[in-house]
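First residue of the sequence shown: 131, per this note's numbering; consecutive thereafter.
Hints were generated in silico from the structure; no laboratory data involved. This one's a predicted model, so the numbers in the text were calculated from it and none came from an experiment. Wrong hints could be hidden among the right ones.
Claimed, not checked - Cut-off 27 Å, straight-line C-alpha distance, at most; resulting in silico cross-link-like pairs (DSSO-like, lysine-lysine):
1. Lys387 x Lys414
2. Lys436 x Lys380
3. Lys249 x Lys480
4. Lys437 x Lys454
5. Lys246 x Lys387
6. Lys491 x Lys436
7. Lys218 x Lys246
8. Lys437 x Lys371
9. Lys371 x Lys475
10. Lys437 x Lys379
11. Lys587 x Lys433
12. Lys515 x Lys436
13. Lys384 x Lys437
14. Lys436 x Lys423
15. Lys454 x Lys480
16. Lys387 x Lys454
17. Lys236 x Lys209
18. Lys401 x Lys379
19. Lys384 x Lys359
20. Lys581 x Lys515
21. Lys214 x Lys293
22. Lys436 x Lys387
23. Lys414 x Lys384
24. Lys436 x Lys236
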Amino acid sequence: MVCSGGALDQIEHKRPVRDFHLKEVESMAANVDSSKSEKRHEKFVPLVAFECGFRNKFMGEDGTWVNDVNRYATCQSGKLDILKYCRKAYPKLDITNIVEYSHETKIGSWCREEGKPCKWTHTVRPYQCIVGEFHSEALQVPHGCRFGHVNDRQSCDDYSHWKDEARKQCQSKVAESKRMSVRSFAVLEPCGLDLFTGVEFVCCPSDDKSAEDDKELNPKSSTQDPYFKISDPANEHERFKEAEQRLDKKHRAKIDKVMREWSDLEARYKKMKQTDEKGAEAFKLEMTARFQKTVASLEEENKEQKKQIEDVHEERVQANLNEKKRQATHDYRAALAMQVGTTNKHNVLKTLKTYIRAEEKDRTHMLNRYRHLLRTDQAEAEAFKPILLHRLRYIDLRINGTLAMLRDFPELERQVRPIAIEFWSDYRRENTPEVTDDEYMTIGGDEQNAKLVQMYKDSYDRVHNPVGTKKSITTTTSAPTTSRTAEIVGDSDEEDDEDEDEEESFEEKKTQKSPQKIAIEKIVKKPISASNKDEFSDNNSDEMEAQHSSVSPHLGASTHMMLVFAASATIVLAVFAVLVTRRRSRHAGFIEVDVCTPEERHVNGMQVNGYENPTYSFFDSKP
Numbered sequence: 131m132v133c134s135g136g137a138l139d140q141i142e143h144k145r146p147v148r149d150f151h152l153k154e155v156e157s158m159a160a161n162v163d164s165s166k167s168e169k170r171h172e173k174f175v176p177l178v179a180f181e182c183g184f185r186n187k188f189m190g191e192d193g194t195w196v197n198d199v200n201r202y203a204t205c206q207s208g209k210l211d212i213l214k215y216c217r218k219a220y221p222k223l224d225i226t227n228i229v230e231y232s233h234e235t236k237i238g239s240w241c242r243e244e245g246k247p248c249k250w251t252h253t254v255r256p257y258q259c260i261v262g263e264f265h266s267e268a269l270q271v272p273h274g275c276r277f278g279h280v281n282d283r284q285s286c287d288d289y290s291h292w293k294d295e296a297r298k299q300c301q302s303k304v305a306e307s308k309r310m311s312v313r314s315f316a317v318l319e320p321c322g323l324d325l326f327t328g329v330e331f332v333c334c335p336s337d338d339k340s341a342e343d344d345k346e347l348n349p350k351s352s353t354q355d356p357y358f359k360i361s362d363p364a365n366e367h368e369r370f371k372e373a374e375q376r377l378d379k380k381h382r383a384k385i386d387k388v389m390r391e392w393s394d395l396e397a398r399y400k401k402m403k404q405t406d407e408k409g410a411e412a413f414k415l416e417m418t419a420r421f422q423k424t425v426a427s428l429e430e431e432n433k434e435q436k437k438q439i440e441d442v443h444e445e446r447v448q449a450n451l452n453e454k455k456r457q458a459t460h461d462y463r464a465a466l467a468m469q470v471g472t473t474n475k476h477n478v479l480k481t482l483k484t485y486i487r488a489e490e491k492d493r494t495h496m497l498n499r500y501r502h503l504l505r506t507d508q509a510e511a512e513a514f515k516p517i518l519l520h521r522l523r524y525i526d527l528r529i530n531g532t533l534a535m536l537r538d539f540p541e542l543e544r545q546v547r548p549i550a551i552e553f554w555s556d557y558r559r560e561n562t563p564e565v566t567d568d569e570y571m572t573i574g575g576d577e578q579n580a581k582l583v584q585m586y587k588d589s590y591d592r593v594h595n596p597v598g599t600k601k602s603i604t605t606t607t608s609a610p611t612t613s614r615t616a617e618i619v620g621d622s623d624e625e626d627d628e629d630e631d632e633e634e635s636f637e638e639k640k641t642q643k644s645p646q647k648i649a650i651e652k653i654v655k656k657p658i659s660a661s662n663k664d665e666f667s668d669n670n671s672d673e674m675e676a677q678h679s680s681v682s683p684h685l686g687a688s689t690h691m692m693l694v695f696a697a698s699a700t701i702v703l704a705v706f707a708v709l710v711t712r713r714r715s716r717h718a719g720f721i722e723v724d725v726c727t728p729e730e731r732h733v734n735g736m737q738v739n740g741y742e743n744p745t746y747s748f749f750d751s752k753p
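Build out the structure end to end from the sequences listed, making use of the hints.
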């Protein structure tokens with residue numbers, strides 16, 4: 131047997147072939163001779179890795195992962211696309227086929243599609259780019275192990291199928307009363323793109339100790355939340371919420387366990403205090419410090435796990451939006467291609483609207499994410515702000531570029547472009563969250579995008595970081611308003627759907643207006659001008675504040691007018707109350723009400739005229 135895979139084929143004629151094998155939990159190449167193995171491992175192997183929502187990566191000649199500079203090189207899933215990307219990443223190599231890497235690899239510094247920041251880490255299974263003619267890898271057979279193979283010219287399956295086949299074959303073998311397991315395997319001759327005719331493998335007696343070591347090396351593999359294992363775009367939001375609920379449940383269980391341990395330690399402390407008070411105090415200090423450290427560690431762990439779930443959710447939502455945009459672009463171009471032969475105005479307009487809607491949904495999602503970060507993590511929101519502005523700008527550029535494709539069809543452009551632009555404008559006006567002013571919704575303007583983002587920041591600061599409004603308000607109505615604000619914000623943090631964000635924005639608008647009403651009621655009931663001054667300065671712009679300070683010499687006169695107005699209102703209310711009281715006093719006492727029904731009145735009238743009830747006569751005649 132000879133070496134295979136990537137650049138290893140190019141060195142076959144320079145030195146004898148050394149045996150090496152694949153392991154599921156180790157690196158791809160390993161030689162019998164450790165020194166030779168170390169050299170072999172350092173050889174360059176062309177690999178490519180993909181993760182939806184992020185730029186592709188490929189292995190550099192120095193053995194490090196390199197980010198693709200092209201922002202459109204993302205999320206490759208088709209085998210032919212992966213082969214083309216291999217040839218693009220390594221233009222100097224003769225890439226003929228691809229094969230899945232033997233194990234998953236943890237790769238850091240992933241970049242978003244737009245570029246920076248490059249701070250994400252993902253565990254993926256890369257693809258190896260096969261250089262030249264394919265050669266099956268040589269496998270080492272240690273003492274006590276068995277070599278086997280399955281080769282069927284009629285079968286043509288992918289890497290995963292042959293991996294499972296090797297595992298099944300080894301599990302069916304028994305040696306020295308021990309069930310065997312796969313030590314290494316290699317696919318055989320290819321029959322298509324990432325398709326092979328068989329597999330060869332080495333089975334060794336299973337080692338319980340090594341299995342335990344594997345569990346220790348991967349303690350999270352058995353406890354990983356199912357949300358991370360399966361991606362379901364149709365039910366992504368429901369599965370995200372369920373994952374958060376499971377995480378909260380686990381966190382509460384851990385906290386309850388710590389509290390029970392604390393109760394036991396406290397009982398021990400009380401018992402110790404009866405015999406050794408000094409030792410008991412030292413024990414109390416020690417257990418208190420340990421308890422605080424444990425709780426802080428659990429809270430930090432829960433925060434990190436929740437952040438991980440949110441990041442995965444964000445990646446999947448963004449990948450789903452990107453896929454919808456790609457599909458809409460494809461349909462739009464196909465409709466334009468049909469326009470060459472026949473008139474296809476209706477289909478072109480329909481696909482163009484679908485594309486605009488997909489881009490605008492991405493825009494709404496980005497704005498809602500920024501608002502969510504404002505509520506949960508100010509530092510993250512500040513770091514996300516330039517990325518948001520960059521994405522908003524490119525959304526406008528992409529839509530304008532799509533509209534520009536109509537220029538190849540002047541008559542079609544004259545009919546479709548005005549309708550599409552009007553649809554774009556109306557859709558943005560209706561779906562921009564928490565905005566009613568057209569100033570922030572003008573299409574295609576960087577300045578408007580910057581104003582919109584700053585408006586969200588200012589709106590959040592007014593509601594959650596007031597300077598003087600909440601300090602000045604002391605009436606009884608202020609407490610329910612404040613609690614209602616907290617309730618609205620708390621509820622909205624749990625939901626990140628677009629519709630729910632819109633409802634929350636409506637509630638926040640009402641919350642912003644309520645302090646102004648409270649301030650007015652306060653002036654009527656309790657004439658304190660300072661509160662009015664604070665409220666005025668808290669809810670107006672810088673120009674209004676300057677104007678307010680310029681008329682400060684007349685503050686005494688305005689205060690006097692307020693006092694006069696309050697006194698007049700009090701007098702009017704008093705007179706009105708007196709009139710109402712006098713009017714009610716005329717009807718004091720009881721009013722006679724006829725309690726008889728029409729039937730009873732009729733019977734009474736008949737008795738007056740001599741009618742006698744026969745029932746009464748019957749009972750009167752009884753002795």
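Given pair status - Lys387, Lys436, alpha carbons within 27 Å: Holds: Lys436 and Lys387 sit about 20 Å apart, inside 27 Å.
Given hint Lys433 paired with Lys587 - CA-CA distance at most 27 Å: holds, 24 Å
27 Å limit on alpha-carbon distance, applied to hinted pair Lys401 and Lys379: Answer violated: Lys401 to Lys379 is near 33 Å, above 27 Å.
Holds or violated: Lys249 to Lys480, with C-alpha atoms at most 27 Å apart: violated, 39 Å
Pair hint Lys384 and Lys437, alpha-carbon separation not exceeding 27 Å: The given pair, whose Cα atoms are some 18 Å apart, holds under the 27 Å limit.
Hinted pair Lys384 and Lys359, Cα distance within 27 Å: holds, 24 Å
Straight-line alpha-carbon gap Lys436 to Lys423, limit 27 Å: holds, 20 Å
27 Å Cα cutoff - pair Lys437, Lys454: holds, 26 Å
Satisfaction of hint between Lys384 and Lys414, Cα-Cα up to 27 Å: holds, 22 Å
Proposed proximity, Lys246 with Lys218 (alpha carbon, max 27 Å): Since the Cα atoms of Lys218 and Lys246 sit roughly 23 Å apart, the hinted pair holds (cutoff 27 Å).
Given pair status - Lys436, Lys515, alpha carbons within 27 Å: holds, 22 Å
Distance restraint between Lys437 and Lys379, which requires alpha-carbon spacing of 27 Å or less: Given pair Lys437, Lys379 holds - Cα atoms ~16 Å apart, limit 27 Å.
The structure shown violates the earlier hints numbered 3, 5, 9, 16, 18.
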